Amino acid sequence: MDLLENIINDSIRFLSNRGYQEALSNAISNSEARFFNMLKRHGNIKELAKEVEETKKEVLSSIDYYIDKVVDSFKAANGVAHYAESGKDALEIIDKIIGDRKRILLSKSMTCEEIGLRKHLQQIGKDVWETDLGQLLIQLEGGKPMHATAPVIHMTLEQIIKLVRSKLGMDVREDESPQDIAGRLRVFLREKFIKSEVGISGANAVSADTGSVFLIENEGNIRLVTSLPPLHIVLAGIEKIVPTMMDALKLVMVQSSYAGLFPPSYINVVSGPSATGDIGHRKVYGAHGPREVHLILLNNGRKEANKNVFLREELRCVRCGNCQIFCPVWNHVANTWGGKVYGGPMGVIWTAITEGIEIGSEISQLCLGCKRCDLACPVEIPLSSIIHYLKTQFRK
Amino acid sequence: MKVKEIMRFMADMTLRTGFPVPVPRGFSYKWAESYGFNRKGEVMLYTGALYQLVPYIESLSAFLKSIERSDIGAFLALRTASHLPAGLLAGLLPEPDKKLVDFSNKTLKSIADLLIKNGVEFSYLYEDDIYSGVLLYDMGLVEEFGEHAKKVYSRLKGRGVKKVITVDPHTYSILAKTYPKFIDGFSLEVTSYMELIKKVTKKVTLNSLTIHDSCIYARELNIIDVPRKLLESAGYSIVEPRRNREYTFCCGGPVEMLSPSLASAIADDRMKELSEKSKNIVTMCPICFINFYRIKHRYKGVEIHDVSSLI
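So the protein sequences, as listed, match chains A and B.
For the first sequence, counting from 1, position 209 maps to 209 in my numbering; every step adds exactly one.
Heads up: take any position in the second sequence, counting from 1, add 396, and you land on my numbering.
Errors might be hidden in some of the hints.
In silico lysine-lysine, DSS-like type, Cα no more than 30 Å apart, as pairs [said to hold, decoys possible]:
no., chain 1, residue 1, chain 2, residue 2
1, B, K400, A, K340
2, A, K46, B, K573
3, A, K50, B, K577
4, A, K40, B, K668
5, A, K144, B, K400
6, B, K625, A, K40
Everything labelled a hint here was simulated from the structure, so no lab data went into it.
What you are looking at is a predicted structure, and each value in this text was computed from that prediction instead of being measured.
Could you build all of it, start to finish, from the sequences and the hints given here?
Encoded structure:
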């Protein structure tokens with residue numbers, strides 16, 4: 001059976017899961033309402049989005065220059081910068097950096113999913129835990145994240161209780177509230193945070209002028225992953241680069257707004273390792289935070305996509321997931337409509353970028369062509385036109 | 397591979413017969429037999445046969461569903477069958493739903509009557525009223541589409557046409573926005589019949605309506621207020637559904653061939669939202685109509701109306 005038929009079959013199974021359908025439907029109507037409220041309350045976000053669109057275009061027009069600039073700036077901030085051509089290269093670099101260290105924590109990152117990081121680290125015998133609660137549930141379930149920012153958007157409370165019971169052996173009662181479950185998972189992860197040796201995060205933006213990594217979140221897990229362990233590794237797609245720190249701030253404001261989470265509880269900025277000069281006026285690395293910070297810039301198809309007149313437009317995606325919320329197909333099947341990792345309108349295109357046009361073009365056939373996704377995108381990516389382009393590649 | 401087989405079948409059919417599915421001779425202009433329109437002229441009604449095709453697409457889709465449960469051999473048989481004469485082929489498929497055939501004939505007559513009563517002078521293509529090819533373009537079969545589009549264009553030009561009146565969003569959009577990219581020196585003005593209606597001819601027969609904007613009209617052609625103004629001038633009060641105007645939500649129709657259950661789930665979403673506002677739902681596209689028509693029995697008392705039947 002071919003890929004498209006597999007996806008259609010998976011989506012039929014997903015469709016017939018009442019829990020998934022109920023959870024998605026509730027989450028989607030809430031998200032849409034939040035999005036329209038956000039536009040009403042923070043009218044300036046649209047202007048910021050326009051600026052982000054322009055800065056992203058600027059970076060993509062001289063991507064090699066900006067990669068070099070990030071590497072220089074990151075080194076100047078006493079970090080170690082790497083460039084990975086493929087997902088496999090990135091895994092090798094990460095293995096080398098980690099060495100014998102065993103206890104590893106991950107923040108939520110689609111780019112880490114893209115290179116299959118968690119499974120790889122488990123396979124080589126590491127003790128790896130996701131720390132974002134949604135992503136932790138995905139780890140327990142063994143599936144893939146179902147939305148760009150809300151990995152378990154498809155699960156009901158009931159399904160989550162079952163999962164936590166069976167996979168973590170916790171004695172969760174059926175009537176426990178989301179607050180109760182969050183409390184239990186917090187306790188479960190606390191000990192892992194304290195003992196962790198390595199924290200691995202993604203990035204929402206990387207500024208070329210200072211080599212700063214911007215990360216937004218609401219849970220507070222990213223703060224801990226990036227500050228408690230003595231070693232912090234950042235994995236960022238090269239499209240995450242923006243020229244300046246100010247551009248990065250604008251980008252994370254836009255991203256969180258369109259993800260329906262504005263203002264985000266936390267905006268983290270990491271520029272190199274933790275340091276102090278307080279003891280004898282000598283600079284010492286590793287005060288309270290990590291002593292060592294690595295940045296891996298990942299290509300994995302992005303540079304090639306940047307040469308394709310259609311696909312290059314997708315590289316300014318800020319991964320807010322709003323196009324998924326807007327898409328009638330995604331509304332019912334979530335990321336089962338997609339490739340190994342990415343799904344929905346943006347995900348079909350990201351699949352073409354990271355897994356190849358042939359695969360992307362096969363998946364693209366399930367697009368309705370209704371163009372609703374085009375209205376959802378903060379940086380005006382012509383999603384429906386790109387997907388149509390992929391459709392034209394199907395028979396080739 | 398099944399999907400590729402279906403696509404190839406539709407492309408072959410279109411290039412060979414002018415229509416993407418097997419249809420009986422003369423099916424596209426049967427509705428117009430009693431009118432005696434001029435066959436040449438600068439202003440031409442071009443239906444692109446989308447309304448007329450709906451009952452036959454429905455038959456093909458039912459046929460495909462039945463062979464989907466069997467095996468790929470049936471698809472290969474389908475492919476061989478595509479070389480049979482069209483009339484013979486049409487006989488292989490289940491009889492189209494009579495109610496759907498009536499619906500499309502009635503709709504096209506309403507539209508023609510509206511234009512006539514509004515003093516719009518136009519001609520009609522009759523046997524040259526073939527499919528626009530929009531489905532081929534939407535599936536990404538751009539080469540076949542381009543070849544077919546040239547055929548349609550030359551038939552229109554051969555009749556001295558300068559302005560085309562369309563009756564559905566897909567034909568309008570493909571002609572106005574896509575044909576120019578495939579045809580050198582494209583010079584046709586394209587409009588919707590709705591844009592030419594100044595006075596409505598029917599009286600209010602229903603209490604309230606809810607309106608289902610077509611994705612293409614709303615997001616590609618900015619035809620949002622036109623149907624509302626027509627309905628309001630006929631005296632209807634319109635209740636807007638949760639997702640309306642440019643944010644309108646697809647009926648699910650375009651994935652019917654690939655995944656009927658997904659198409660039906662999407663149609664259900666939209667039907668729920670629409671029927672919460674009114675039992676009378678207005679559509680302006682035959683694909684939307686059929687997709688709601690198919691699940692209508694699950695919604696007690698709900699009726700689907702093509703906008704032309706109310707104005």
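Results for each hint:
1. Proposed proximity of K400/B and K340/A is supported: the alpha carbons are some 22 Å apart, at most 30 Å.
2. Our distance criterion of 30 Å between C-alpha atoms is met by K46/A and K573/B, whose separation comes to about 28 Å.
3. Restraint check for K50/A and K577/B: satisfied, since their Cα atoms lie roughly 29 Å apart, inside the 30 Å limit.
4. Taking the CA atoms of K40/A and K668/B, the gap is near 27 Å; set against the 30 Å cutoff, the hint holds.
5. Distance restraint check for K144/A and K400/B: the Cα-Cα separation of roughly 28 Å lies within the 30 Å cut-off, and the hinted pair is therefore satisfied.
6. Taking the CA atoms of K625/B and K40/A, the gap is near 27 Å; set against the 30 Å cutoff, the hint holds.
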